[in-house]
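Colleague: Using the hints, position chain B against chain A.
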Amino acid sequence: AQSVTQPDIHITVSEGASLELRCNYSYGATPYLFWYVQSPGQGLQLLLKYFSGDTLVQGIKGFEAEFKRSQSSFNLRKPSVHWSDAAEYFCAVYTGKLIFGQGTTLQVKP
Amino acid sequence: KAGVTQTPRYLIKTRGQQVTLSCSPISGHRSVSWYQQTPGQGLQFLFEYFSETQRNKGNFPGRFSGRQFSNSRSEMNVSTLELGDSALYLCASSLGTTSGNTIYFGEGSWLTVV
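Just so you know, the sequences run in chain order A and B.
So the first sequence is numbered by this note's numbering: it starts at 2 and just counts up by one.
So the second sequence is numbered by this note's numbering: it starts at 47 and just counts up by one.
Chain B extracted, bound-state conformation:
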C-alpha cells in the first residue's frame, strides 16, 4: 500500500512568487492535513481537509490556502512568498472519521525562498 506522496520534494522560489504543493494521501484516507516545519517554530498545523471541505485551520495568514479534490488529493498554495516561508511542508493523511485515527506523514516538500 503506497504511503503519503508529496510533490515536488524540493523547490526554490523567489520572493513575491507563489507556489503550489501537492499531496496524495494513502488510499482510502479522506483527511489530509498540512504542517509547516521550521527550525525556529517547529511543527505547526496549517489546515485540514476532509471530503473536499476545510475542517480545521491553523493560525497562518491568508496567503496560505489549500484545497482537496474528490479523489482526496490535496494541494496547498502560498502566494506572495516571503523569506520566512522557507520551510519543510509536510502532508499527513488519515481516515478522518474519528479522533483516534492514525495519522501518517509524507516525506515533505522543501521550499526555499530567495
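Just chain A, same shape as in the assembly:
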C-alpha cells in the first residue's frame, strides 16, 4: 500500500542548531515527493519538491531535502534553524493524489 511515514511526531531544536526531519515513503513507481509547512491556523506552503534528476533539492527558506531511493527516504534538512521555522511539517508522495505523512511538529528553543 502507498504510504508516507514521518517517524518523529514532535522535535525540539535550539535556535541556530541544524535540523533534519525524516520521511519514508512506500510507493512502487517513481515517486514525486513534496515537503509542505503549515503554521497554526494556516494552509500548506510548499517548501520543495522532487520529481527527478539531482537527488538533493533546494527549497525556500533555506531548506533542502535529499532523495534516497535505496532507503525510500526524503529527509528535510536545514543547517541553522530560526525561531520562525516553528511549525508543522508534512511530507507527501503523489500517486494521482497526495498521500501525506502524519506530520512533524517543530518547536524552536531560544
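Treat the hints as calculated values from the structure; they're not laboratory data.
Worth double-checking, as some hints may not be accurate.
Incomplete in silico selection of chain B near chain A, CB under 8 Å [unchecked claim]:
id: 1; residue: S79
id: 2; residue: F91
id: 3; residue: E94
id: 4; residue: G104
id: 5; residue: L136
id: 6; residue: S145
id: 7; residue: I149
id: 8; residue: F151
Negatives, chain A to chain B, calculated, CB over 10 Å [claimed, not checked]:
id: 9; residue: I12
id: 10; residue: N25
id: 11; residue: D55
id: 12; residue: Q72
id: 13; residue: A88
All residues carry an ideal CB built from backbone N, CA and C; glycine is no exception.
Modeller: Same frame as chain A, now just chain B:
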C-alpha cells in the same frame, strides 16, 4: 499572481445542515483537489476535478460532493453534516497535465459543526 483562494475562511454549522465551500485556483490551473484535515485522521484526499470532470476520488461517503466550473473554480458540498465533519478543508490547484506538476494549497476553510 494570486494564489489559491478559499471562501469562507471560517464557518459554523449545525448538525444536519449542509455547507458549500468555494475554491478559486491559481490562474491557468485546471486541476483542483480537496483535502480534509483533522487532528485524528490527518490530511486525507477527498476528490480532484480537472476540466470540469471528477478525475479521482477518495474514500469519503456520498455526502461529500464537488464540482468544477468552466473557469476552473470549484465548490465542494457536504450534506447532512455530522459532528465528525468538523475540520479544515483545503483546496489545492495545479496545472493537472502531468504527475510532475507542482501542487499549491489555499489557506483552507475551517468548518465547525455543532
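Colleague: Please go over all the hints and tell whether each is borne out by the structure.
Modeller: Taking the hints in turn, this is what the structure says about them:
At its closest, the beta carbon of S79 (chain B) sits 7 Å from a beta carbon of chain A; the interface hint therefore holds under the 8 Å criterion. Residue-level restraint check for F91 (chain B) holds (minimum Cβ-Cβ distance to chain A is 4 Å; threshold 8 Å). Taking 8 Å as the C-beta cut-off, the interface hint given for E94 (chain B) holds, the closest approach to chain A being about 6 Å. Of the supplied interface hints, the one on G104 (chain B) holds, with its beta-carbon coming within about 7 Å of a beta-carbon of chain A, less than 8 Å.
Interface hint status for L136 (chain B): upheld, as the beta-carbon distance to the closest one in chain A is roughly 6 Å, under 8 Å. With its C-beta approaching chain A no nearer than about 6 Å, S145 (chain B) sits inside the 8 Å limit, and its interface hint holds. The beta carbon of I149 (chain B) comes within 6 Å of a beta carbon in chain A, closer than 8 Å, and the hint placing it at the interface holds. At its closest, the beta carbon of F151 (chain B) sits 4 Å from a beta carbon of chain A; the interface hint therefore holds under the 8 Å criterion.
Look at I12 (chain A): its CB is around 17 Å from the nearest CB on chain B, clear of 10 Å, so calling it non-interface holds up. Look at N25 (chain A): its CB is around 16 Å from the nearest CB on chain B, clear of 10 Å, so calling it non-interface holds up. Non-interface status of D55 (chain A) relative to chain B is upheld: no Cβ of that chain comes within 10 Å, the nearest being about 14 Å off. For Q72 (chain A), the non-interface assignment is confirmed: its Cβ lies about 22 Å from the closest Cβ of chain B, beyond the 10 Å cut-off.
With a minimum CB-CB distance of about 14 Å to chain B, A88 (chain A) clears the 10 Å threshold, and the non-interface call stands.
Of the hints listed earlier, there is not a single one the structure fails to meet.
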